[in-house]
Amino acid sequence: MKGPVKALAYIVLILPLLVALFPFYWGTVTSFKPFNQIFANPPIFFPQPVVFDAYELLFSTVAPISLLNSFYIAATTGIITLVITMLGAYALARFPFLKGRNVIFGYLLAAPLFPAMIYVISLYRLLLGVGLINTHMGMIVVYTAYSIPFSLWILYGYFQTLPVELEEAAYLDGCGILSVLRRIVVPLSMPAMVAAFVFSFIVAYGDFVYANGFLQTTSLQTMSVWIAHQGGGGQILSKPVQWAATLGGGVIYTIPAAILFVFLQRFLVSGLTAGALKE
Amino acid sequence: MLSGENDFIGFEGYRALASDPIWATSFYNSILYAGGVLAGSFGVGLALALLLNESLRFRNLMRGLFMIPWIMPSAVAALLWRWMFGWGEYSVVNYFLYHLGLISTQELGWYAFGWSAMLALIMLGIWKTFPYALIILLAGLQSVPSDLYESAKVDGATKWSTFRHITFPNMSFPIALALLGTFISSFTMFDYSILVTNGGPSYATLTLSFYTYIKAIGGMLFGYGSDIAVSMVIVLIIFVVLYIKTIMGRRV
Numbered sequence: 023m024k025g026p027v028k029a030l031a032y033i034v035l036i037l038p039l040l041v042a043l044f045p046f047y048w049g050t051v052t053s054f055k056p057f058n059q060i061f062a063n064p065p066i067f068f069p070q071p072v073v074f075d076a077y078e079l080l081f082s083t084v085a086p087i088s089l090l091n092s093f094y095i096a097a098t099t100g101i102i103t104l105v106i107t108m109l110g111a112y113a114l115a116r117f118p119f120l121k122g123r124n125v126i127f128g129y130l131l132a133a134p135l136f137p138a139m140i141y142v143i144s145l146y147r148l149l150l151g152v153g154l155i156n157t158h159m160g161m162i163v164v165y166t167a168y169s170i171p172f173s174l175w176i177l178y179g180y181f182q183t184l185p186v187e188l189e190e191a192a193y194l195d196g197c198g199i200l201s202v203l204r205r206i207v208v209p210l211s212m213p214a215m216v217a218a219f220v221f222s223f224i225v226a227y228g229d230f231v232y233a234n235g236f237l238q239t240t241s242l243q244t245m246s247v248w249i250a251h252q253g254g255g256g257q258i259l260s261k262p263v264q265w266a267a268t269l270g271g272g273v274i275y276t277i278p279a280a281i282l283f284v285f286l287q288r289f290l291v292s293g294l295t296a297g298a299l300k301e
Numbered sequence: 005m006l007s008g009e010n011d012f013i014g015f016e017g018y019r020a021l022a023s024d025p026i027w028a029t030s031f032y033n034s035i036l037y038a039g040g041v042l043a044g045s046f047g048v049g050l051a052l053a054l055l056l057n058e059s060l061r062f063r064n065l066m067r068g069l070f071m072i073p074w075i076m077p078s079a080v081a082a083l084l085w086r087w088m089f090g091w092g093e094y095s096v097v098n099y100f101l102y103h104l105g106l107i108s109t110q111e112l113g114w115y116a117f118g119w120s121a122m123l124a125l126i127m128l129g130i131w132k133t134f135p136y137a138l139i140i141l142l143a144g145l146q147s148v149p150s151d152l153y154e155s156a157k158v159d160g161a162t163k164w165s166t167f168r169h170i171t172f173p174n175m176s177f178p179i180a181l182a183l184l185g186t187f188i189s190s191f192t193m194f195d196y197s198i199l200v201t202n203g204g205p206s207y208a209t210l211t212l213s214f215y216t217y218i219k220a221i222g223g224m225l226f227g228y229g230s231d232i233a234v235s236m237v238i239v240l241i242i243f244v245v246l247y248i249k250t251i252m253g254r255r256v
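Chains as they are written, first to last, in our numbering: chain A, 23 to 301; chain B, 5 to 256.
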């Protein structure tokens, strides 16, 4: 492109970029405002001075526990998903003679397409039946099942690109499957493994539907549910600091997901175009 | 049903559904929302993908920043929407629109009227979903073989005819994927219906997923809730089949 056209492209891109980033910016600055500026009209876009009242209030509520719950559930989901899908993807990639591969690929494709609410109804009764309703273990099981398709897909794709000769040599030297996995496959596929972990982490971490349906006790709830339970009606006008604290909670909650997402980016396109993740 | 009596009631439930005006409203709302989000996020995603496909500096940085709405937890997005559109004169959106001359009063209560509440949710859906279309379409654009463009250039093709005859035919897979994926996920939207507007005012933003939840989890009517969910899947199944066919066709 020539100079003027290029300049135009930048201008045309910057406007939507500002619109895309503004909501998060607006939530962030509000959480750092003195209480008398929060509902000011005209709105104050650059808080002066920056105060931390909202965060002090936030950390005196149950929110830090909710945030820890989200972290705990997400990290455990990520690890379990990684172990399961690593074994599954290896078998799919290296043992093409196994029967039922097409059934598994069909499942990978179809399972994420059904509305979450259908799963919520059936899983609610299922979890109730086995005593896992309102427990973190129940949530971990649900999220693991939900994130398997995507993780399995990226690991499967990655394993296929690894040279099979290394593994054959190891088998000849007397290694079993597990030690081939541990000594050769795992060290060679670190980027894909990190991406698989991060994906399941983000799914479990950001979810609202399942956590809202299955967790009832306040001390067990996740950050999404905490945010959802904060008042948002007219009474908020008389409690500006509470409102700023809720927004601050949203900001703190978003940042880890945004940072971890960087590790996923490289594998995102292949996962999306494989249909392993809708929206 | 929890009592263990599982009497088969045939199609009774579906007959009740057909005479339930709230079901009809929520069905209409889901279609309206999905249609709005589909058109908006595909349009925005395609326009941005075409721009980002040019060799610009900071391209990867910009692409990464555009992903932020998508990666944000939906509960946070809902919270931000309540804050930006809520409470009339305190709404920052009203402030901008008023000073741009698009609305005549800053007191406009977005969540007080059916049409404006739905409009706010559709805008939320577009904002949250366009990165999905963007990343798929951008990947599609980048996979069009560059020698095709070179030979078009040699033949003296215009920019438009290059797009029409080379870019577009090579983009049928990513376009179909982006359209179907966006529709499937927004037709089943639940989070914003419950979190931003609580389905209101007077059911104007109640979606099928939220209505299912109200009946099945809220009211413990699992049978009726499942009927609503099935009515959602009946519409969805067409798109799901198309989606799977699209991807399977690609893999061969």
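If you're looking for bench data, these hints aren't it; they were derived computationally from the structure. Where is the CB? At the ideal position from N, CA and C, for every residue including glycine. Watch out, some of these pointers could steer you wrong.
[Said to hold, decoys possible] Just so you have them, the derived chain B footprint on chain A, three or more residues with Cβ under 8 Å:
{"hint": "1", "segment": "32-40"}
{"hint": "2", "segment": "71-83"}
{"hint": "3", "segment": "134-147"}
{"hint": "4", "segment": "266-272"}
{"hint": "5", "segment": "277-288"}
[To be verified] Pair ranges (Cβ atoms, derived):
{"hint": "6", "chain 1": "A", "residue 1": "Gly253", "chain 2": "B", "residue 2": "Gly222", "range": "44 to 50 Å"}
{"hint": "7", "chain 1": "A", "residue 1": "Pro213", "chain 2": "B", "residue 2": "Ala116", "range": "32 to 38 Å"}
{"hint": "8", "chain 1": "B", "residue 1": "Gly39", "chain 2": "A", "residue 2": "Leu90", "range": "38 to 44 Å"}
[Claimed, not checked] Partner residues aside, some chain A positions facing chain B, computed with beta carbon under 8 Å:
{"hint": "9", "residue": "Pro64"}
{"hint": "10", "residue": "Ile66"}
{"hint": "11", "residue": "Leu130"}
{"hint": "12", "residue": "Val231"}
{"hint": "13", "residue": "Gly235"}
{"hint": "14", "residue": "Val263"}
Structure-based check of all given hints:
no.	hint	result
1	32-40	holds (count 5)
2	71-83	violated (count 0)
3	134-147	holds (count 10)
4	266-272	holds (count 3)
5	277-288	holds (count 5)
6	A:Gly253 with B:Gly222: 44 to 50 Å	violated (20 Å)
7	A:Pro213 with B:Ala116: 32 to 38 Å	violated (50 Å)
8	B:Gly39 with A:Leu90: 38 to 44 Å	holds (40 Å)
9	Pro64	holds (6 Å)
10	Ile66	violated (10 Å)
11	Leu130	violated (10 Å)
12	Val231	holds (6 Å)
13	Gly235	holds (6 Å)
14	Val263	violated (14 Å)
Violated hints, in rising order: 2, 6, 7, 10, 11 and 14; the structure is consistent with all others.
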